[in-house]
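The lines below spell out each chain.
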Amino acid sequence: MNRLALPSPLFKREWLTPFNVITAAILAVGFIIVVMRFTMGLGTVTNLSNPYPWGLWIGFDVLCGVALAAGGYILASTVYLFGLKQYRPLLRPAILTGFLGYFFVVVALLVDLGRPWRLPYPVFYSYGVSSVMFLVAWHVFLYLTVQFIEFSPAVFEWLNWKKLRAWVAKLTVAATIAGLILSTLHQSALGALFLLAPTKLHPLWYTPLLPVFFFVSSIIAGLTMVVFEASVSHRVFKDQLEPHHATQINDLILGLGKAASIVLFAYFWLKWVGVARGHNWDLLATPMGLWFLVEVFGFVLVPCFLLAWGSRTRNAGLVRATALVTVVGIIVNRLNVSVIAFRWNYEQPYWPHWMELVVTASIVTVGILTFRWIVKRMPVLRPHPDFEGLY
Amino acid sequence: MILQRREFLKLGAATAGSVSAVTLSPTEARPAVNTEGCKAMLYDATKCIGCRACQTACRLGFDMEPSINGDGLYDEPSDLSTTCPTVIRQYQDEQGEEWSFVKRQCMHCLDPACASACLVNALERDDCGAVTYDVDKCIGCRYCMIACPFEVPTFEYEKAIPSIVKCPFCFDLVSQGKAPRCVEACPTGAITFGDRDELLEDARSRIYSEPNRYVHHVYGEHEAGGTAALYLAGVSFDKLGFPKGLTNKSIPDLTKGFLNSVPLVIILWAAFGTGLHWFVQRRDELTEREVVPAEREEGGP
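Residue numbers (the working numbering), protein chains in the order written: chain A, 1 to 391; chain B, 1 to 301.
Among the clues, some could well be false.
Result set (SDA-like, lysine to any residue): computed pairs, CA atoms no more than 25 Å apart in a straight line [said to hold, decoys possible]:
(1) A/LYS170 x B/GLY275
(2) B/LYS256 x A/SER130
(3) B/LYS137 x A/VAL107
(4) B/LYS256 x B/ILE266
(5) A/LYS85 x A/ASN315
(6) B/LYS178 x B/PRO168
(7) B/LYS239 x A/TYR346
One side of the interface only, derived from the structure: several residues of chain A facing chain B at Cβ under 8 Å [unchecked claim]:
(8) VAL35
(9) THR39
(10) MET40
(11) ASN50
(12) LEU81
(13) ARG118
(14) GLY128
(15) PRO198
Please keep in mind that the hints were generated in silico from the structure rather than gathered at the bench.
From the three backbone atoms N, C-alpha and C, an ideal C-beta is built for every residue, glycine too.
Please construct the entire structure, taking both the sequences and the accompanying hints into account.
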């Protein structure tokens, strides 16, 4: 049915849903702010300054975006390398989330960079090989390509291009191994970026182990994001699922929760190795130390026990809720390293401008809309009838 | 026998000596790069009268707007900015007894953190000592600002097409062996220019000849692996706005361990991933072989 041909009251009823209205408002304001940013400079719409050259857009959009998109490489490795094939129903949504996550990280970066049209420079023009950022640039570029290859079977099934579908399926294992290598390196590289700032980052967060922390916590972020995202998708896109699906998904969620619990436990102790290495025990009794304890106990150890308890007692609801807390914990950690504990002692601390928040909200919104658009069309949550055996 | 033993001990002592010499030497920061041909400037805070001629010469030389303050008659920048690559600041304690001027500009590190951070080589160190910025390469990521321990690079937040701005050590002049603009402008000789090694000698001899005038330290000789901007002062350097907690280690060295591990991770993960996949595939094949005949026997024809 052509919706535009509806009589106007009906048309209004169909489109004027609260979701659509809020979405449209965020996007409209976001668009205006982005135009302002590109005509009048970053200073007009952000609270960035010389002491705080990176704010919300790097701290949240890029650092959290990349960490929370880790589900793609985690699940691809789980299924294709570790051979846990029962996780297959969660694989495609995870890879799609990963691909869109990275894609919109790059979009956010385009807004944040001073001269975004030069984004391809490190890949095609001038090579600063001594820079950790150079590695990040290359890896995000390569990993986006790899993720496109990993997701393309769904696209080809949708388009019914059988030959290409069969050809690209042969690349699966190679793409998974490449994805594992690239993710390990750039997830940890995002932590390594801050190794250059020993005098600026609070000693409780600054440690030579930063790359290890970022990598290990990306595993946690990947596992818990898949749980969170599966819970949301299976509520929102109910019509896409077969009836037996729900119980099967619950089993998988319990399994992922258990895995996340184990990694959280290891991560908890690693964090203390960091404190011990820097001899920073005395700093725990300061306000920043208290905040560190909140991160390490409230967002690491407590979720670790709750996830273990939830998966042991087969309480999928508890695992889902705790997964969300864990995801928030990862966000807290990334913001701590990049914004909160960075120049923590500066007299005028950075606080994001409301326009920065709107742009971030806009980018997240466009990400969700794209996800919805694809899931409604392509075989992501459900197998394509013609390709059932291959899914 | 005894002789042999004595020789053995001697050898042992010599070895131990050389080993300890090697292991102890890091306390004396090794120069991160060859400093031959490296030019430098020495700022003597005790000779500075705070006239800001250096500041003005710099701005005039690079066509930069003054930052007019208050009633519009006084140019008074308080820190480095995109229109002020060098600035004279003043420290004074609460009693007003101890005070000092201090000049701020790019320190021109021997192993610059900003250049190691730059993913497109827009920031590079020249052999003459200058750390230069190439606006035609910069993508505006501002990682150099995160990396610089002295917080020198500034960013044009108010421009649609922004650049990083920082003191270029008057590369146009210094690369030809001429003194930079701020040095030329100084009326009291508080800033001097020359070969870094010679300036260090000069700085030390000033401390020796007037030990009560100076804090006994040449700032920049070793800090962050050494810098081409050297400082003498009569007031502790902690009070003059230099970063706290900065060591003599070169900052780029802090990421070298990570960058060196990259090829290891690639090779080992590739081997591990392939091996694991092969192992799992084989396991599945074997279980299939075991399961399938068993099923045949049970319900077989």
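Which of the numbered hints are not met once you compare them with the structure shown? Hint 8 contradicted; others consistent.
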